[in-house]
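2 protein chains.
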Amino acid sequence: MNKIDTDHIKTGKLPSNKSLYIIKIGGNVIDNSENLYHFLKDFEALDGLKILVHGGGKVATQMAEDLGIESKMVDGRRITDIETLRVVTMVYGGLINKNIVAQLQRFGNNAIGLTGADGNFIKAVKRPVKTIDYGFVGDIVKDSINPENISRLMEAGFTPVFCAITHDGEGQLLNTNADTIASALAVSLSGLYETTLIYCFEKKGVLKDINDEESLIREINPQHYEELKVERIIHSGMLPKLDNAFTAIACGVKAVIIGKSDDLGQLKDNKPFGTRLTKSA
Amino acid sequence: MNKIDTDHIKTGKLPSNKSLYIIKIGGNVIDNSENLYHFLKDFEALDGLKILVHGGGKVATQMAEDLGIESKMVDGRRITDIETLRVVTMVYGGLINKNIVAQLQRFGNNAIGLTGADGNFIKAVKRPVKTIDYGFVGDIVKDSINPENISRLMEAGFTPVFCAITHDGEGQLLNTNADTIASALAVSLSGLYETTLIYCFEKKGVLKDINDEESLIREINPQHYEELKVERIIHSGMLPKLDNAFTAIACGVKAVIIGKSDDLGQLKDNKPFGTRLTKSA
Numbered sequence: 001m002n003k004i005d006t007d008h009i010k011t012g013k014l015p016s017n018k019s020l021y022i023i024k025i026g027g028n029v030i031d032n033s034e035n036l037y038h039f040l041k042d043f044e045a046l047d048g049l050k051i052l053v054h055g056g057g058k059v060a061t062q063m064a065e066d067l068g069i070e071s072k073m074v075d076g077r078r079i080t081d082i083e084t085l086r087v088v089t090m091v092y093g094g095l096i097n098k099n100i101v102a103q104l105q106r107f108g109n110n111a112i113g114l115t116g117a118d119g120n121f122i123k124a125v126k127r128p129v130k131t132i133d134y135g136f137v138g139d140i141v142k143d144s145i146n147p148e149n150i151s152r153l154m155e156a157g158f159t160p161v162f163c164a165i166t167h168d169g170e171g172q173l174l175n176t177n178a179d180t181i182a183s184a185l186a187v188s189l190s191g192l193y194e195t196t197l198i199y200c201f202e203k204k205g206v207l208k209d210i211n212d213e214e215s216l217i218r219e220i221n222p223q224h225y226e227e228l229k230v231e232r233i234i235h236s237g238m239l240p241k242l243d244n245a246f247t248a249i250a251c252g253v254k255a256v257i258i259g260k261s262d263d264l265g266q267l268k269d270n271k272p273f274g275t276r277l278t279k280s281a
Numbered sequence: 282m283n284k285i286d287t288d289h290i291k292t293g294k295l296p297s298n299k300s301l302y303i304i305k306i307g308g309n310v311i312d313n314s315e316n317l318y319h320f321l322k323d324f325e326a327l328d329g330l331k332i333l334v335h336g337g338g339k340v341a342t343q344m345a346e347d348l349g350i351e352s353k354m355v356d357g358r359r360i361t362d363i364e365t366l367r368v369v370t371m372v373y374g375g376l377i378n379k380n381i382v383a384q385l386q387r388f389g390n391n392a393i394g395l396t397g398a399d400g401n402f403i404k405a406v407k408r409p410v411k412t413i414d415y416g417f418v419g420d421i422v423k424d425s426i427n428p429e430n431i432s433r434l435m436e437a438g439f440t441p442v443f444c445a446i447t448h449d450g451e452g453q454l455l456n457t458n459a460d461t462i463a464s465a466l467a468v469s470l471s472g473l474y475e476t477t478l479i480y481c482f483e484k485k486g487v488l489k490d491i492n493d494e495e496s497l498i499r500e501i502n503p504q505h506y507e508e509l510k511v512e513r514i515i516h517s518g519m520l521p522k523l524d525n526a527f528t529a530i531a532c533g534v535k536a537v538i539i540g541k542s543d544d545l546g547q548l549k550d551n552k553p554f555g556t557r558l559t560k561s562a
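For the protein sequence lines, the chains are A and B, in the order given. Residue numbering for the first sequence follows my numbering, starting at 1 and increasing by one per position. Residue numbering for the second sequence follows my numbering, starting at 282 and increasing by one per position.
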C-alpha cells in the first residue's frame with residue numbers, strides 16, 4: 001500500500017519532515033492517578049509535536065452504574081444507547097479529558113482537549129444496523145480525519161488531547177474506539193509528519209513469554225512478524241493489535257511502538273522503549 | 282479607565298481592526314432545544330470572528346440530583362465541593378459543550394469546545410476562604426485571560442466555545458461564573474479586536490416597564506444610565522448587570538448588547554437588536 005494521498009491538503013503553509021508522536025493510553029493509566037501523573041510528566045517532556053488519545057477506563061462504567069443505567073451487551077459487545085452516549089460524552093469528553101488537560105498545563109504543555117466534533121477533526125459514520133444495532137457507535141472511514149485542521153491547531157502551538165468521541169457532521173456525537181482513533185490519526189497525519197504511533201498498555205511490549213517481562217521482543221518487521229506467527233510465539237489477543245499496527249505502517253506511519261506507560265521516559269533519553277514495529281529490518 | 286494594557290501580547294502577527302462578537306447564553310437557551318437550535322443557526326450566520334460562552338442551565342442540577350449529590354447553599358449561594366466540581370466538569374465541559382460544538386459543526390461553523398484549562402486560555406484563582414468556603418470556585422483576576430493564545434486559535438480558523446470551567450494552572454479545575462468569563466474575555470480581547478459583548482437573556486433587553494416588552498430602551502450611554510437610575514426606571518436585578526457592562530466599555534469593549542436570543546438574527550440583517558450600551562451618545 002502506498003503513502004496516503006494528501007492532495008486534499010490545500011494550505012500552502014504545511015510543515016514537512018517534522019516528527020510527530022501519537023500516543024494512546026487506556027484504563028491502566030487513566031484509572032491510576034499515580035500512573036497518570038508520571039505518564040503526563042513524561043509525555044510533556046517528549047520533544048516535538050505530539051497528540052494524546054485516551055480511552056475511558058472504569059470511570060464511565062461506574063458513572064453509568066451510579067446513574068442506574070444498565071450496560072447492554074450483545075454478543076459480548078457493549079451497546080451505546082442514548083443514555084450511555086450521554087455518560088461517555090460527560091466522562092470522556094468532560095471529566096477525564098479536562099483533568100488531563102489541566103495536568104498537562106501544570107507541566108507546561110499547551111494542551112487542548114478535544115472530541116472529533118471539535119474542529120471537525122474526526123467525522124465518523126454511525127455503524128449500520130445489520131444483525132446487531134450497536135447504537136451511537138461511530139466507525140472511522142476513508143476521509144474521516146481532517147489532517148489539515150489538526151495540523152493548523154498544532155502549528156498554532158497547541159497539543160491535541162483526543163477522547164474517544166467523534167461526530168457524524170450532522171450534529172450527532174458518536175462513541176468510537178480509542179485504538180482506532182489513534183491509528184487513523186497516525187495514518188492520516190503521516191502525509192504531513194514523520195509519525196510514530198505509540199500504544200501504552202499494561203505489559204512492557206510484545207513478549208515471547210507472556211509471563212516473563214524480560215522476554216520482550218525489541219523490534220519486529222513484517223517478515224519477522226510472519227515468522228513469529230508461524231512459530232506461534234505471537235497469538236490470540238496480540239494478533240489484531242499487531243495486524244492493525246502493520247497496516248498503519250503500510251499506510252505511511254514510520255513506526256508503531258507498543259510499550260508500558262511507565263517506560264515512556266526512555267524515549268526522551270533515546271533508550272529503547274517497548275516493542276518497535278517497523279517497515280524494514 | 283484607559284484601554285487595557287496589551288504590551289504583553291508579543292506575537293508580531295496580531296490582527297488589527299477586526300471585529301469580534303462575544304456572545305453569552307444561559308439556561309433559557311441551553312435548556313430548550315428549540316431555542317438552542319435557532320440560536321446556534323443565527324450564531325453561525327453572523328459574519329466575522331466570534332466566541333460563544335455558555336453557562337450550565339438545569340442539566341447540572343438535575344445530574345447532581347440523579348447522582349444523589351446534595352446542593353450545598355450558604356447565604357443563598359451554591360458551594361462547589363469536589364463532587365459538585367466533578368458534575369459541572371462533566372455536564373458543562375462534556376455534555377453541553379460538545380453537543381453545542383456538534384450542532385455548530387453541522388451548521389458549518391468550525392467550533393472548538395473549551396474550558397479555561399484548554400490552551401491555558403483562562404487561569405483563575407481559587408476563591409480565598411473568608412467567612413464562607415465556596416470550594417472549587419475560580420475568580421477571574423488581572424491577567425487571567427490569555428488573549429494571545431485565544432487570538433492564535435481564532436486566526437487558525439476556529440470558533441471558541443467556552444463553558445464555565447477554568448483552572449488554576451496547578452492542575453485544578455475551577456467553577457467560574459459564565460457572565461464573568463464573557464466580560465473578562467471581551468475586555469482582554471478588546472486590545473486586539475473591535476469587540477462587542479452580547480448577553481442573551483429572557484427579555485428583549487432593558488425595559489422601561491418590566492412587564493411590557495414593547496418598552497425596550499434601544500440605546501443607553503453612561504450619562505443616560507445615570508438619569509435612568511435617578512428616575513428609578515432601572516433598578517434591582519438589572520443594576521449589577523449594567524454596572525458590569527459599563528465597566529467593560531470603560532475598559533475598551535466597543536459595545537455591550539443585552540437582548541433575547543430569538544432576536545440575534547437581526548444583528549446579521551443590521552436591524553436593531555436588544556439594548557445597546559455604548560460609551561457615547
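Derived from the structure by calculation, the hints contain no laboratory data. Certain hints may be false.
Stated by the list, open to error - Straight-line alpha carbon distances no greater than 30 Å define the calculated DSSO-like cross-link-like pairs of lysine-lysine that follow:
| no. | chain 1 | residue 1 | chain 2 | residue 2 |
| --- | --- | --- | --- | --- |
| 1 | A | 18 | A | 279 |
| 2 | B | 322 | B | 353 |
| 3 | B | 423 | B | 322 |
| 4 | A | 130 | A | 241 |
| 5 | B | 535 | B | 489 |
| 6 | A | 126 | A | 241 |
| 7 | A | 41 | B | 535 |
| 8 | A | 72 | B | 339 |
| 9 | A | 279 | A | 229 |
| 10 | B | 353 | A | 58 |
| 11 | A | 41 | A | 229 |
| 12 | B | 535 | B | 510 |
| 13 | A | 130 | A | 203 |
| 14 | B | 423 | A | 41 |
| 15 | A | 142 | B | 322 |
| 16 | B | 485 | B | 407 |
| 17 | B | 535 | A | 126 |
| 18 | B | 560 | A | 58 |
| 19 | B | 485 | B | 560 |
| 20 | A | 208 | A | 268 |
What the hints assert, rightly or not - If you only want the chain A side, here are some residues facing chain B, beta carbon under 8 Å, derived:
| no. | residue |
| --- | --- |
| 21 | 67 |
| 22 | 71 |
| 23 | 82 |
| 24 | 86 |
| 25 | 90 |
| 26 | 169 |
| 27 | 170 |
| 28 | 252 |
The structure presented is a predicted model; accordingly, all values stated were derived computationally and were not measured. C-beta atoms are modelled at their ideal positions from N, C-alpha and C, and glycine is treated no differently.
> Going straight from one Cα to the other, do residue 126 of chain A and residue 241 of chain A come out at no more than 30 Å?
Replying inline: 23 Å, holds
> Taking 30 Å as the top limit, are the C-alpha atoms of residue 41 of chain A and residue 229 of chain A close enough?
Replying inline: Violated, because 36 Å separates the two Cα atoms, which is more than 30 Å.
> Given residue 82 of chain A as an interface hint, is the shortest Cβ-Cβ distance to chain B below 8 Å?
Replying inline: 12 Å, violated
>> Run the distance test for residue 535 of chain B versus residue 126 of chain A: straight-line Cα separation, threshold 30 Å.
In response: 45 Å, violated
>> Need the status of pair residue 279 of chain A, residue 229 of chain A: alpha-carbon distance at most 30 Å?
In response: Holds: residue 279 of chain A and residue 229 of chain A sit about 17 Å apart, inside 30 Å.
>> Holds or violated: residue 423 of chain B and residue 322 of chain B, Cα atoms, limit 30 Å.
In response: 34 Å, violated
> Going straight from one Cα to the other, do residue 423 of chain B and residue 41 of chain A come out at no more than 30 Å?
Replying inline: 29 Å, holds
> Taking the least C-beta to C-beta distance, is residue 169 of chain A closer than 8 Å to chain B?
Replying inline: Check passed: Cβ of residue 169 of chain A comes within 6 Å of chain B, closer than 8 Å.
> Within a Cα-Cα threshold of 30 Å, do residue 353 of chain B and residue 58 of chain A meet the stated pairing?
Replying inline: Given that 30 Å is the threshold and the Cα spacing comes to 28 Å, the pair holds.
> Are the Cα atoms of residue 72 of chain A and residue 339 of chain B separated by 30 Å or less?
Replying inline: 28 Å, holds
> Going straight from one Cα to the other, do residue 130 of chain A and residue 241 of chain A come out at no more than 30 Å?
Replying inline: 25 Å, holds
> Do the alpha carbons of residue 485 of chain B and residue 407 of chain B lie within 30 Å of each other, as the hint requires?
Replying inline: 35 Å, violated
Hint check: violations occur at hints 2, 3, 7, 11, 13, 16, 17, 18, 22, 23, 28; the rest are consistent with the structure.
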